[in-house]
Every structure is written in structure tokens, then in C-alpha cells.
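Student: First residue of the sequence shown: 1, per the working numbering; consecutive thereafter.
Ranges of calculated distance between the beta carbons of each label pair, as one might list FRET restraints:
hint: 1; residue 1: Glu165; residue 2: Ile440; range: 41 to 49 Å
hint: 2; residue 1: Glu151; residue 2: Ile440; range: 38 to 46 Å
hint: 3; residue 1: Gly107; residue 2: Lys431; range: 38 to 46 Å
hint: 4; residue 1: Leu4; residue 2: Lys434; range: 57 to 65 Å
hint: 5; residue 1: Ser610; residue 2: Ile111; range: 48 to 56 Å
hint: 6; residue 1: Gln169; residue 2: Arg588; range: 50 to 58 Å
hint: 7; residue 1: Lys249; residue 2: Gly107; range: 39 to 47 Å
Hints listed in this document are in silico derivations from the structure and should not be mistaken for laboratory results.
For glycine and all other residues, C-beta sits at the position ideal for the given N, C-alpha and C.
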Amino acid sequence: MKSLFTNLRGDLFGGITAGIVALPLALAFGVSSGLGPSAGLYGAIFISFFAALFGGTPTQISGPTAPMTAVSMVIIASIVAVNDGDINKALPAILTVFFLAGLMQIGLGAIGVGKYIRYIPYPVVSGFMTAIGVIILITQILPAIGYYVKEDDAFVAQFEVLAEEEILQNILKEESAEGVLVLEDFQETINRAEKITEADIAKEAKTLAAKEASGVLGTLKVLPRALGNINWLELLLALSTIAIIYGFKRITTAIPSTLVALIVVSGVAYGFGLNYRPIEEIPTGLPIPKIEIITQFELSAITPYIFTALTLSLLGAIDSLLTSIVADNMTKTKHNSNKELIGQGIGNTIGAVFGGIPGAGATIRTVVNINSGGKTKLSGMIAGVLLLFILLALGPVASQIPAAVLAGILVTVGIGVMDYKGLRAIPHLPKDIKLGPLKISSEVMIMIVVLVLSSVWNLVYAVGIGLVIASLMFMKKIGDLTAEHSQVSSLKEEAWSDETKLSAEMQANFYFKHINGPLFFGSTSEFQALAAEIPESANAVVFRMSKMTYLDQSGLYAIEDVVIGLRAKNVDVYFIDIDEQPRYMMERVKLIPDLIDEKHIFDSLDSFKSHEALNSKG
Numbered sequence: 001m002k003s004l005f006t007n008l009r010g011d012l013f014g015g016i017t018a019g020i021v022a023l024p025l026a027l028a029f030g031v032s033s034g035l036g037p038s039a040g041l042y043g044a045i046f047i048s049f050f051a052a053l054f055g056g057t058p059t060q061i062s063g064p065t066a067p068m069t070a071v072s073m074v075i076i077a078s079i080v081a082v083n084d085g086d087i088n089k090a091l092p093a094i095l096t097v098f099f100l101a102g103l104m105q106i107g108l109g110a111i112g113v114g115k116y117i118r119y120i121p122y123p124v125v126s127g128f129m130t131a132i133g134v135i136i137l138i139t140q141i142l143p144a145i146g147y148y149v150k151e152d153d154a155f156v157a158q159f160e161v162l163a164e165e166e167i168l169q170n171i172l173k174e175e176s177a178e179g180v181l182v183l184e185d186f187q188e189t190i191n192r193a194e195k196i197t198e199a200d201i202a203k204e205a206k207t208l209a210a211k212e213a214s215g216v217l218g219t220l221k222v223l224p225r226a227l228g229n230i231n232w233l234e235l236l237l238a239l240s241t242i243a244i245i246y247g248f249k250r251i252t253t254a255i256p257s258t259l260v261a262l263i264v265v266s267g268v269a270y271g272f273g274l275n276y277r278p279i280e281e282i283p284t285g286l287p288i289p290k291i292e293i294i295t296q297f298e299l300s301a302i303t304p305y306i307f308t309a310l311t312l313s314l315l316g317a318i319d320s321l322l323t324s325i326v327a328d329n330m331t332k333t334k335h336n337s338n339k340e341l342i343g344q345g346i347g348n349t350i351g352a353v354f355g356g357i358p359g360a361g362a363t364i365r366t367v368v369n370i371n372s373g374g375k376t377k378l379s380g381m382i383a384g385v386l387l388l389f390i391l392l393a394l395g396p397v398a399s400q401i402p403a404a405v406l407a408g409i410l411v412t413v414g415i416g417v418m419d420y421k422g423l424r425a426i427p428h429l430p431k432d433i434k435l436g437p438l439k440i441s442s443e444v445m446i447m448i449v450v451l452v453l454s455s456v457w458n459l460v461y462a463v464g465i466g467l468v469i470a471s472l473m474f475m476k477k478i479g480d481l482t483a484e485h486s487q488v489s490s491l492k493e494e495a496w497s498d499e500t501k502l503s504a505e506m507q508a509n510f511y512f513k514h515i516n517g518p519l520f521f522g523s524t525s526e527f528q529a530l531a532a533e534i535p536e537s538a539n540a541v542v543f544r545m546s547k548m549t550y551l552d553q554s555g556l557y558a559i560e561d562v563v564i565g566l567r568a569k570n571v572d573v574y575f576i577d578i579d580e581q582p583r584y585m586m587e588r589v590k591l592i593p594d595l596i597d598e599k600h601i602f603d604s605l606d607s608f609k610s611h612e613a614l615n616s617k618g
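Build out the structure end to end from the sequences listed, making use of the hints.
Tutor: If you want it as C-alpha cells, here you go:
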């Protein structure tokens with residue numbers, strides 16, 4: 001604990017600077033998630049403080065990030081959709097999923113998964129990060145031009161009939177849950193239906209309209225309509241924000257350009273009394289724990305999202321540990337991966353309890369902290385405390401920030417988060433697979449699959465599919481490569497040097513086969529063809545295995561099939577010089593001694609020759 005205060009001045013300045021940088025992004029990510037600016041601010045406060053306190057990267061500044069927010073946005077939207085579009089009704093389930101993701105992160109750190117994160121294929125990460133950028137960029141077009149679907153009466157009116165049907169369906173579901181049989185008590189259904197008001201239909205229609213316009217495809221679907229209803233003031237505020245963010249960087253990087261844009265554009269809009277749309281009101285006072293997580297907990301409500309929570313925790317782990325590597329390179333230190341995951345998990349669980357969105361290690365904020373003098377955990381804790389102070393002192397002021405300003409900030413985030421390095425490499429990667437008449441790089445294919453599926457379908461499933469494809473591609477490449485060096489060829493292959501000294505009788509009576517490498521799934525087909533190549537006149541086959549260093553389950557059963565086939569032809573089979581791992585595998589399935597007796601297994605060719613010499617004399 002004493003180490004916290006060894007760099008007090010540097011940590012104080014670093015933490016304050018990082019906290020200031022985090023403020024506009026926290027607000028923007030909160031709005032983007034669908035839970036409001038306070039959720040982003042709460043997440044930044046608690047994750048920053050507790051991830052720093054318990055984490056394994058002293059200089060890391062944590063909080064909501066673009067990837068975590070993008071996934072959270074999908075989770076929030078799906079849970080809200082099944083709760084009749086009511087965010088308050090859906091909130092307990094949403095926060096429970098976030099809480100569960102934090103617990104999973106703690107578990108990942110506790111079992112030592114941190115060191116394996118680096119093995120996730122780069123094309124999957126590249127496609128996912130680029131998709132995050134695309135999602136943020138496209139979904140922020142509508143708020144940037146001041147178009148809000150729920151306020152477009154003509155568009156909402158198109159969903160009124162469907163809204164009425166949806167409400168009736170919900171009534172039937174309620175009656176079913178209550179054990180009310182419609183056919184037996186039709187009057188009850190009529191009574192409930194008569195209580196439906198125009199306001200109920202209008203509310204449901206707005207929910208359906210918002211669902212129709214959600215995500216990348218939804219945004220593109222309503223974009224022509226939105227372009228016909230541009231709010232030019234909102235667009236001007238968004239463009240001014242973007243211009244200042246990129247322009248101020250050319251003047252100096254000592255002051256965060258995002259913060260400058262937030263203050264300048266918001267100040268002008270408020271000072272001149274412009275008729276702009278402000279963000280949602282930020283609650284004043286200390287954050288209050290959301291006890292609904294416990295009091296309204298229903299396992300059935302979160303069961304469909306357990307895999308999603310796991311994916312969110314893994315994403316947070318990847319996001320955080322990549323930032324930890326950046327911090328290591330800048331400070332010439334080494335982080336503790338598993339401890340960092342535990343710290344991030346604690347921060348996310350506590351953040352969820354107070355209604356915050358999940359986060360991870362934030363690269364930009366961490367770099368700012370280090371460059372400003374931060375060296376210990378105290379800097380991240382100070383950043384969290386500063387944000388709490390801003391919440392308590394400036395909450396009403398922050399509530400006056402134009403929504404278009406945050407949209408402009410998020411547009412720059414979307415542009416910045418894309419993996420341009422991976423995109424630039426596309427033309428230069430080797431084209432190693434064929435798709436019909438086209439040749440394409442397997443890495444490019446994986447990246448494109450993840451990018452497209454993440455953008456237009458589901459982030460979680462896209463990553464899973466990408467990992468499966470990458471794993472299959474890897475296994476095929478390794479299989480092909482190893483098979484090239486694993487010479488499982490015909491029995492008429494060239495004899496080894498020590499075999500040329502065998503007697504003419506032994507050479508005539510025994511067929512020698514050499515396995516010059518691992519026998520695994522990639523080489524089993526060639527090995528299995530051996531049975532058909534052995535002449536009918538053969539009496540004995542000798543397998544020399546000194547170079548067979550590895551045997552997998554596929555190879556094991558291939559050997560078993562060949563041996564059984566040879567035994568059926570009354571051919572004696574001998575093994576010479578079996579390595580430790582292959583022998584262990586054979587003994588586990590009783591291939592030794594049930595099919596190959598210990599008397600037919602030899603440590604060397606010399607011992608085999610001696611044995612046969614004794615037998616011939618006998």
C-alpha cells in the first residue's frame with residue numbers, strides 16, 4: 001500500500017488528466033448504449049477506481065470503451081425488446097447480465113486464462129474491431145443529423161396496426177401464464193383488450209419503430225427518410241465537434257481535443273440559447289445501488305444471455321490486456337494478466353450494481369495517464385474520484401450538453417477504432433484458398449466474415465463463427481504442413497541404412513515400414529492405405545516408429561484399423577522403438593497388449609534381429 005504514494009505528484013496530474021479525457025467519452029458511450037449518460041459516467045467511476053485498485057497494470061485507466069459499448073448496446077436492445085420496450089422494466093435483467101460478465105472475468109483471472117488471450121487469431125480481432133467502428137459510425141448518423149425515429153409521427157403511424165397485434169399477443173401470453181383458457185373464458189380476454197388505449201398503441205408503435213431502425217441495417221433502412229428530415233442545427237453542432245476534435249490535434253496534443261470540442265460547442269450552443277436537443281438529465285447526488293438486481297432477479301430472464309455475458313467478459317479481457325501490453329511497452333514494466341482480469345471483473349461487477357455499463361482498459365486514457373506522469377495504481381483511482389466529483393458538482397451542467405455533440409464525438413471514435421493496419425494488409429496477404437474461380441487469403445476471408453456478420457447480424461455469434469473458422473483453417477494448414485514432413489508412404493520405400501545389413505532371409509520375410517513424423521488426423525488417410533499395399537504373400541510387417549514423436553486419437557485408431565486388417569490376413573505385426581507418448585496412447589486403448597503382444601515390441605532393430613535369430617535357431 002505504501003507504493004501508492006511513491007509518485008504522488010505524477011499520479012495526481014496523470015489521474016486528473018485521464019479523468020478529464022474520460023468524461024466526454026463516458027457520457028457519449030452511455031448515450032450510445034441506450035442507458036443514458038449517467039450509465040456511462042457510473043461505469044467510468046467504478047471501473048476506473050476498482051480496476052486500478054485490484055488490477056495488475058499499475059498505469060492502466062479503465063472505463064467504458066467502444067468495443068464493450070457496442071456489445072452492451074446489442075444486449076440492452078435485445079433485453080428491452082422482450083420487455084415491451086420499457087427500459088425500466090428491462091433494467092434489472094440488463095444489469096444482472098453485466099454483473100454476471102464481471103463475475104466471469106474474475107473467474108477467468110482466477111483460473112489463469114489471462115495468458116491464453118494472446119492466442120486469439122488476429123483476423124478475428126481485426127474484423128471485430130473494424131466492425132465496431134462501422135457500427136458506431138453508421139448508428140451515429142441519425143442523431144448527428146437530428147433525426148429520432150420515435151418523433152417521426154408519419155413513420156411511427158405505419159406500426160400502429162402491428163402494435164395493436166403485439167399488445168393482444170402480450171395479453172394472450174399473460175393469460176397463458178396465469179392459467180386462463182381463452183376458449184373457456186373469452187370474456188376475460190375481451191375485458192383486457194377493451195382496456196387498451198390509444199396511448200398504449202402509440203407507445204408500442206414507437207417501440208416497434210425504434211426496433212425497426214436499430215443497428216446498422218435499420219439505420220440504412222431509414223436513412224433516406226432521415227435525410228429528408230435533417231435538423232440543420234444538430235448537424236452543424238455535430239460537424240463543428242468533429243472539426244474541432246481533428247483540427248485542435250494539429251495545434252497541440254497537450255490538451256485533449258475531445259474535451260475542447262465538448263466545452264466549446266456546448267458552451268456556444270447554450271450561451272446563445274440555441275434550440276438544440278440536450279442529452280438526458282444526469283441524476284444528482286451519490287450513485288445509488290440498484291437493489292432490483294437482487295429483488296427482481298429471475299434466472300429465466302438472463303438464461304438466454306449467459307453465453308453473451310461470457311463473450312462480453314472475454315471481450316473485456318482482450319480489450320484490457322491489449323492496453324496492458326501498450327502500457328508495458330511505454331513504462332518498460334510487465335503486467336500481471338490474471339490479476340488484471342480479476343481487477344477488471346471487480347470493477348465491472350461493482351459498476352453494474354450501481355447501474356453502470358461495462359468497460360475495460362482504455363488505451364488512449366492509459367497513454368494520457370503515463371505521458372502525464374502516472375506510474376502507480378493511485379492514478380487510476382484518482383481518475384475515478386475526479387469523475388465522481390464532476391458528477392456531484394457539475395451534473396446539472398453536464399445535462400445541458402447537446403446530444404449532437406456526443407454523436408460527433410462518437411463518429412470520431414468509430415473512425416479511430418477501425419483496424420487500418422489489418423485493412424491495408426489485405427492486398428498483400430498470400431492467397432492460399434480457392435472459392436470457386438477466385439483465390440483469396442484465408443486470413444482475409446476470416447476478417448471479412450467477422451466484419452460483415454458483426455456489422456449486420458450479431459457481434460457475439462460473429463466472433464464465435466470467426467474463431468471456429470480460424471481454428472479449422474489453422475488445423476488444416478498445420479495438418480497439410482506436417483503431413484508433408486510425415487512420410488507415410490508405400491511399403492516399397494527406400495530402406496534405412498541399418499536395414500541394408502540385414503540377412504537376405506530377413507529382408508525376404510519382413511516388410512519394413514517407416515513412420516517419419518507425427519501420425520495425426522492430417523496423415524491418417526495415407527497410413528490407412530498401407531493395408532491395401534501389402535502383398536498377399538506377406539507373412540510379417542515391421543513398423544519402425546523412432547521418428548513418430550506424436551500420436552493423436554485419429555492416428556491411434558488408424559493404426560488399430562491397419563493392425564486388425566493385417567491380423568485378419570494372418571500377418572504378424574512388429575513395432576520397433578515406440579516413443580513414450582505414442583506408447584501411452586496405445587496402452588490406453590489396449591492396442592498394446594491386446595492386438596500387439598509385448599513379445600512383438602522391440603527397443604531397437606538390433607534387439608529385433610537378435611530375437612529373430614534365436615527363433616530361427618529354435
